[in-house]
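J.: Here's the letter readout for the chains.
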Amino acid sequence: MSCLKSVPPFQKWDKMNKVIVIDASKCTGCRLCELVCSVMHNGTSNPYRSRIKIKKFEKEGIFLPTVCQHCDSPPCIDACPTGTRFKDATTGRTLMDPDRCIVCQTCTVVCPFGGVTLDPVEKNIISCDLCGGDPVCVKFCETGALKFMEKQKLPQDKRLASASLLVRKRNAGV
Amino acid sequence: MSGILIIGNGIAGTTAAFTLRQLDSVKKITIITDEKYPLYTICALPHFISDEVEKDGLMIKTPEDYEQSGIQLLTQKTVSAIDPKVRKAHFSNGDNLSYDSLVLATGSYPLRLPLNGVELPGVFFLKTLEDAKAIASYPCKKAVVVGSGAVGIETALSLMKNGVEVTIVELLDRILPRALDKKPADFLSKILGNAGIRVLTSEKLMTIKGDKRVTGVTTDKREIPCDLVVLGAGMRPNVSLAKDMGCTIGETGGIKVDEYMKTSINDVYACGDCVETNDMFTNTKTLSMLWNNAKRQGNVVGYNLAGIAKKFPGSENITSLECLGVHVSSFGILESGTNGKGNTVEIHRGSCHIWITLIDDRIVGAQSIGECPYAHALLYAIKRKESIPNLKTIISNPPDISLLPPGYIASMKRLIEYLP
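Line by line, the protein sequences give chains A and B. Counting from 1 along the first sequence, just add 15 to a position and that's the residue number in the numbering used here. So that you can map any letter, position 298 of the second sequence is 290 in the numbering used here, and since no number is skipped, the others follow by simple counting.
There could be a bad hint or two in this list.
Mimicking DSBU-like on lysine-lysine, the simulated pairs with C-alpha atoms at most 35 Å apart in a straight line are [as the list claims (entries may be wrong)]:
1. A:LYS173 <-> B:LYS377
2. B:LYS69 <-> B:LYS375
3. B:LYS248 <-> A:LYS173
4. A:LYS168 <-> B:LYS134
5. B:LYS134 <-> B:LYS174
6. B:LYS69 <-> B:LYS19
7. B:LYS125 <-> B:LYS204
8. B:LYS175 <-> A:LYS71
9. A:LYS173 <-> B:LYS19
10. B:LYS277 <-> B:LYS302
11. A:LYS71 <-> B:LYS80
12. B:LYS384 <-> A:LYS173
13. B:LYS333 <-> A:LYS138
14. B:LYS119 <-> A:LYS138
15. A:LYS166 <-> A:LYS138
16. A:LYS166 <-> B:LYS19
17. B:LYS174 <-> B:LYS277
18. B:LYS119 <-> B:LYS204
19. B:LYS80 <-> B:LYS119
20. A:LYS41 <-> B:LYS125
21. A:LYS138 <-> A:LYS162
22. B:LYS375 <-> A:LYS102
23. B:LYS174 <-> A:LYS102
24. B:LYS384 <-> B:LYS333
Derived list of chain B stretches under chain A, where covered just means 3 residues or more per stretch with a C-beta under 8 Å from a C-beta of chain A [as the list claims (entries may be wrong)]:
25. 202 to 216
26. 279 to 292
27. 318 to 331
28. 369 to 383
29. 400 to 408
According to the in silico footprint, chain B covers these stretches of chain A (three or more CB under 8 Å from chain B) [as the list claims (entries may be wrong)]:
30. 113 to 125
31. 148 to 156
Please keep in mind that the hints were generated in silico from the structure rather than gathered at the bench. Every residue gets a Cβ at the ideal spot worked out from N, C-alpha and C, and that includes glycine.
Excised from the complex, chain B in its bound form (with noise of 0.2 Å):
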């Protein structure tokens, strides 16, 4: 018996771990990751920057609950090289270990630009703990943020409740491009542009300037002073260890999985950012890398290695930050995503700002800003392919109020006065 060896100390290997321990409590199960501490949030690192949330805020776990569940917790140890046939694993130290069973739960690494300058101090990527000290400890008063995720655009307002002086430059012709068309993404820029942040879109970083430190950064539109530069310009599925065991890689750079999460060697499974999934809503091969869908593949991982057939039924893009106190949502498919086969129907009362996206009648996909009570629902309607015909239908009689949340029918109602 040499247990359970999950590499990576993610959302989605800790997940998995504290579900096997949780159905099974006699398999041995350890947990390598390179980094320092026990798992933590990455979601909050902006909060962390701006002192919104502390170091005690952003840890989950703490190493006691690893030992009180029985399970080994190795840091600052790097997997070098693994070799599936004999089921050991080789430490970059010299040291090796077996297993029974292998999770592999690598994540992902943030996409290095091949620009001049990128080993420059003062530019910096966020991804772990590490990064976010770094950034919150260098003194600057004008920053430069790349790349206008979730993440981006909570580093840029975290860094200019601190003082600096941020501008944000996106390379595509609107901000958060994952998750808001066109329109919701302007309406975004204008709030961030009321808050003092400078948004430049549709603008190409070339190179980060300066000698010993950075001063500066140049775009093909225009040259910008800066002392900072934030790269959140996407991430990437580390996926070098699986591609060296020879996994099957698939076609969107990510590690392949069956349902049940299981890769293309035997007793291999693979969840978190490093694998490619079933999208729920588009039916595509898709890299989620968000957070809760990383916790529901470990869960599954969980479940299969104690011997409970669990399937994923796919990853759902989830979207929601809050951005000066406006809330920002979105989930399913965007209007620019379905190749010109869908329309958006916009809704526009008081403060809350809604967006659906529509193909056939059938709700696929909406974008909120503001005070949106009806997001829930939406997100509903979405999972049960709801189209707008049926749902008049159940608006209108009923079947049995007990069989739909009751929420669902009050905000669909509302909802439908508005929808064609």
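Chain A with its partners taken away, still in its complex shape (with noise of 0.2 Å):
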């Protein structure tokens, strides 16, 4: 769209549609990624404004990362009644235009992973930009729940995770 302004800036991308893929199960609720994402955008360490987000459930040791999937028909772009957020042609992501937001907070209500939030100090709409091709928080992650590969490469690994899991059960006689 041309009539588009501020975009978030794009450089170090090296292949397209590349995801944040979570595996909760290796993800131990250090929350560092919550700090950095908002040093990265915000310059603060607020994990109220960051973009990833960490569901806790400390009884049952279950740690629930959460972050805009990037989809490939957003919900949330067929909700935003301003045009809003829109797919960057390029390289995937789902970005939005802060110009034209008029805060409705539509999207946040329909995004299934509540990937879309609100920043609670600026009130406006925030949501994953892949920190234009590098995300920090992946970076960051020490126990690999974060990883940052390509959407076509996602089912090979999903089927690799659940043939090993397999594997180790018959091998744990379960």
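Dock chain one against chain two, each of which comes alone in its own frame, and use the hints as you go.
T.: Structure, rendered in structure tokens:
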């Protein structure tokens, strides 16, 4: 769209259609990703303003990172009444033009992942922009719960994971 | 080859055109509109009145976008009649244009209340950019907004931000009646009241007074002096063209379409505010008139025009707006719309207030006021037709976390503690 302004910069891209992939079983809930995300985007270390969020369940020991999945047909784009959210044709990212936003927050409601949120300080809509092609949260994730990979490789990766789980179960005699 | 003719340049018609162009680079596409501008958003018009959004911020497409995609946009032209037998559209200025397939995206028009004084200067509707410009430039000190839909409330807020004393007059017993039940609506009324907007519910507008310009309105209970009236008493589907050419009209007054958005006439499609669709949540016929449904319908029409069969899954009624820094959202069925079968669970936590509508333990609707981190999960639960016992099983032993969005499980886990 040619009338869009102030699109986030985009430099270090090497391959198209890469997304942040989450392996919740590896997450230890250290929340370092939240800190570095807010530092990267706002210059303050404030997890409330992070674009990636860890939901913690201490009793059960479950930690679930939630972040924008840059879907192929995003409900947030369909629902946005002002044409604020759009798909970046070259990289497949779901981005937004903050100048057009009226903060109706329809996008936060329709996203099934909870990937679009409201910045509680500046009261504007925020979502993952993949840091222009080199997400800091992935770089700082110590356990490998966050990975940055191409969408096409996803099914292959999942197949490998479930196959190795089967092998492990068989070896353990379950 | 005479190509595709699309009547209407709203989000539905434009989405249909651009979707088709993505799938088919050859077909000739023509869009006809009686408006002056390319596609702009009408949802931000109230923000335009209060100068929060500039005119450029309203524009979603520029004339160059149409040119680059090879879509012909004919502005300020009105189609007076269509002859489906010879596939020809006649314009009001005497020209005509033949087509292979036709898309009716004629939209809706604001309801003109049959009252005295509707013609007076100072009485406005809010549907087009021209209307918004007229309201913004009209000098006034006191305004009355009739009807309290999302646009009515946002207009009232915009006028208030401009320093105008605003009164909202609503015929029903609550504001935002299509989106909120009585309790959340009263909650919102209080927020508006605290900001200085007078909210009058269960009041009927009788006449608009004035000689040369508006000087006040009379309701069945009182007289309100004002110099500006915005009539937001509802929208009606614009189906006159469709009716004249012989399309079947549904019982709600919208053009009847099948799940491929085809009308009763061959090669004639319809999408947007003017059609009657199935409601995804209630499974009844509805006139949705919401942006996201119009866009999804336009997308379906684009696919079907390109020869790829695509079905429209149904309209979803999602309302979400921001009032003075407070987020109000609503989706699914209201308790007042369940015919007494449903009940409501209220959750109040800090600044987050949620009303969840249940029918037989099944979540069918939700309304929230304030910062609600569970809204997305509730919408997803309604779409999955989730029952509470079923939810509890999922939460206590998740089948496979990768099968469900993690945010959904996380939010539901928090929420389930408050549910019965």
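J.: If a hint holds in the structure, say so; if it doesn't, say that too.
T.: Verification of the hints:
1. A:LYS173 <-> B:LYS377: 28 Å, holds
2. B:LYS69 <-> B:LYS375: Violated, because 41 Å separates the two Cα atoms, which is more than 35 Å.
3. B:LYS248 <-> A:LYS173: 44 Å, violated
4. A:LYS168 <-> B:LYS134: 61 Å, violated
5. B:LYS134 <-> B:LYS174: Distance of about 27 Å is within 35 Å: holds.
6. B:LYS69 <-> B:LYS19: 22 Å, holds
7. B:LYS125 <-> B:LYS204: Within the cut-off at roughly 21 Å; holds.
8. B:LYS175 <-> A:LYS71: 32 Å, holds
9. A:LYS173 <-> B:LYS19: 41 Å, violated
10. B:LYS277 <-> B:LYS302: 20 Å, holds
11. A:LYS71 <-> B:LYS80: 62 Å, violated
12. B:LYS384 <-> A:LYS173: With Cα atoms ~27 Å apart, LYS384 of chain B and LYS173 of chain A stay inside 35 Å; holds.
13. B:LYS333 <-> A:LYS138: 38 Å, violated
14. B:LYS119 <-> A:LYS138: 28 Å, holds
15. A:LYS166 <-> A:LYS138: Holds, at roughly 31 Å.
16. A:LYS166 <-> B:LYS19: 32 Å, holds
17. B:LYS174 <-> B:LYS277: 24 Å, holds
18. B:LYS119 <-> B:LYS204: 24 Å, holds
19. B:LYS80 <-> B:LYS119: Holds, at about 29 Å.
20. A:LYS41 <-> B:LYS125: 55 Å, violated
21. A:LYS138 <-> A:LYS162: 29 Å, holds
22. B:LYS375 <-> A:LYS102: Holds: LYS375 of chain B and LYS102 of chain A sit about 24 Å apart, inside 35 Å.
23. B:LYS174 <-> A:LYS102: This hinted pair is violated, its Cα atoms lying about 39 Å apart.
24. B:LYS384 <-> B:LYS333: 23 Å, holds
25. 202 to 216: Answer violated; 0 residues pass the 8 Å Cβ test.
26. 279 to 292: holds (count 5)
27. 318 to 331: holds (count 3)
28. 369 to 383: That given contact holds, which follows from 3 residues of the region 369 to 383 of chain B lying within Cβ reach (below 8 Å) of chain A.
29. 400 to 408: As far as the region 400 to 408 of chain B goes, the hint holds, because 5 residues have Cβ atoms under 8 Å from chain A.
30. 113 to 125: Per the Cβ count (10), the hint holds.
31. 148 to 156: Coverage by chain B is violated here, the residue count being 0 at a Cβ distance below 8 Å.
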